[in-house]
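K.L.:
Let the hints inform the model, and build the full structure from the sequences given.
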Amino acid sequence: MNTMGSQGSPIPADVWDQQEMRDALARREISSVYRLLRRHGVSQRQIAALTGQSQSEVSEILKGRQVMAYDVLTRIAVGLGVPRGYMGLAYDETTAVRVAATADSPHPEEDESVKRRKFLAHAAAVTVGAAVFGADSGSWVSHPTQTPAPGRIGMTDVRQVEAATRALRALDYQYGGGSCRDAVVAQLSWGQQMLGASSTDVVRQRLYVALADLHNLAGWTSFDTGLMDSARNHFGQALDLAKQGENEALMANILYRMGRVYLHQNAPDDALKVFQLGQLAAQNSGSELAVGILCANEAWAYAKMGSDEQALKLLGRARDEFSRANVAEAPAWAKFFNEIDLSSMIGTVHTELAQTVDAKYTRTAIPALSKAINNFGDEYARSRSFNLTSMAINHLLEGDIDHGAKIGRQAVDLSESLKSVRTKQRMEPLRQEAEKRRNNPEARELADRVARFTGADTAA
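First residue of the sequence shown: 1, per UniProt numbering; consecutive thereafter.
Because the hints were derived from the structure by calculation, they are not lab data.
This structure is a prediction, so every number in the text was calculated from the model and none was measured.
Glycine residues also receive a C-beta, built at the ideal position from the N, C-alpha and C atoms.
A couple of the hints might just be wrong.
As the list claims (entries may be wrong) - Think about it this way: if two alpha-carbon atoms lie no more than 27 Å apart in a straight line, the pair counts; the simulated BS3-like pairs of lysine-lysine are: (1) K335 - K360; (2) K313 - K273; (3) K424 - K406; (4) K335 - K273; (5) K118 - K371; (6) K273 - K115; (7) K360 - K406; (8) K371 - K424; (9) K371 - K360; (10) K406 - K436; (11) K335 - K406; (12) K424 - K115; (13) K63 - K115; (14) K424 - K335; (15) K419 - K360; (16) K419 - K371; (17) K424 - K436; (18) K335 - K371.
To be verified - What follows is a set of in silico ranges between Cβ atoms, one per label pair, in the way DEER data are often shown: (19) S56 - Q283: 41 to 47 Å; (20) E57 - E379: 50 to 56 Å; (21) D402 - Q283: 42 to 48 Å; (22) E379 - Q18: 21 to 27 Å; (23) D358 - K406: 20 to 26 Å.
P.N.:
Here it is in structure tokens:
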């Protein structure tokens, strides 16, 4: 085995830590890695000898052939002496501690719409194709942290990952992603090390699913704290692991969550494409609950686009699917979607339609939101905050400004206790509606308070 900088190695010890090389390794662009090695004087013959490839194979890779197979990537990493964590592979003891220490935007030169398209292409390849682990993961690949892990694992080890994910997810719901994201990432650094441990096939498959859901939570908490590149990073890895674990219901959930990122960015077309990919996985899984979640969120996307007919049709289907779902047996990642959350989604979609199509939709939005607000307990504080914000918007649209302002202030009060950037950003439509009614002192006070809380500009 070659080791970095060892005597007789043709590869300089500091090559792997140069930024251009690190970027190529993170993207698993082996052709770029080989070209950079050639610049450092490493010959094609030497690369072939170190990696166990023929010179013709090396030549094809240098011409742009992609390397996707996990075992080949591993062999290349070991042969060249690359710390495997630099390529997002199962880690060895030389891998640096890297999971979340990198900046959130490792590829600032790419526009957000380009990143969305790349993720969508990757998601499509995973969902309807066979691209797992070895595929080019684009700009969402993270640099995993090394944490000690056992050499052999059993089901108890996997259950520990699952238990940690459940506990951390509960913190996210109640206090916001900022309350637990670092803990999620730290847990991930240890959990992913287990991929390099030996185990039975049954344990390994369950490990894939457990780590996929932990990445799923890391993506969600990153989203909630405004770290969009990190969110895409984790959702991309979650999707690969869920595919490897052959869990279509989890794949559907991951795609639902990534679609929500795009909805939040006011990109409903892209969100809808991701939701529709998720719908394929949901239907393949046979889970009515997974199908219902995707239908409700597709409805939201259509509502943002002002298509009330499609939105209402999909909401109806979401209700039907939910009525047939076995909610009691729902997996941890889907347990949130109960009757209360369904009411919340009905209220949210109708709030959107009231803003984009016709204010008459407030008549359906208000009772649905009231039901959700009255039933969300303290453990779902963030969801309650979102619903209070939507409720306030509906009352402003109806002309009940004083009541809308009162509920809006309640939304701010609750949101101030949460570590969630998303709750602030979701208040922007409320601020805008209050600003339009600035001649009313209650609306003016609300607009100013929301602006102070969110850091937005207000009219003079």
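K.L.:
Is K419 close enough to K360, meaning Cα to Cα at most 27 Å?
P.N.:
34 Å, violated
K.L.:
Check whether the Cα positions of K335 and K273 lie no farther apart than 27 Å.
P.N.:
It holds: about 24 Å lies between the C-alpha atoms, which stays within 27 Å.
K.L.:
Would you mind confirming whether the straight-line C-alpha gap from K313 to K273 stays at or under 27 Å?
P.N.:
17 Å, holds
K.L.:
Take a look at whether the Cβ-Cβ distance between E379 and Q18 falls inside 21 to 27 Å.
P.N.:
Violated: the Cβ-Cβ distance is about 47 Å, outside 21 to 27 Å.
K.L.:
If you draw a straight line from the CA of K424 to the CA of K406, is it 27 Å or shorter?
P.N.:
17 Å, holds
K.L.:
Is K63 within 27 Å of K115, Cα to Cα?
P.N.:
25 Å, holds
K.L.:
Holds or violated: K424 with K436, Cα cutoff 27 Å?
P.N.:
Answer holds: K424 to K436 is near 19 Å, not above 27 Å.
K.L.:
Quick one, are K118 and K371 close enough, alpha carbons at most 27 Å?
P.N.:
39 Å, violated
K.L.:
Hinted pair, alpha-carbon criterion (27 Å max): K371, K360. Please report holds or violated.
P.N.:
Between K371 and K360 the Cα gap is close to 19 Å, so the pair holds against 27 Å.
K.L.:
Does the beta carbon distance between S56 and Q283 stay inside 41 to 47 Å, or does it fall outside?
P.N.:
44 Å, holds
K.L.:
Is it true that the C-beta distance of E57 to E379 lies inside 50 to 56 Å, as the hint says?
P.N.:
55 Å, holds
K.L.:
Please verify whether K335 and K371 have alpha carbons no more than 27 Å apart.
P.N.:
18 Å, holds
Comparing the model with each numbered hint stated earlier shows that hints 1, 5, 11, 15 and 22 do not hold.
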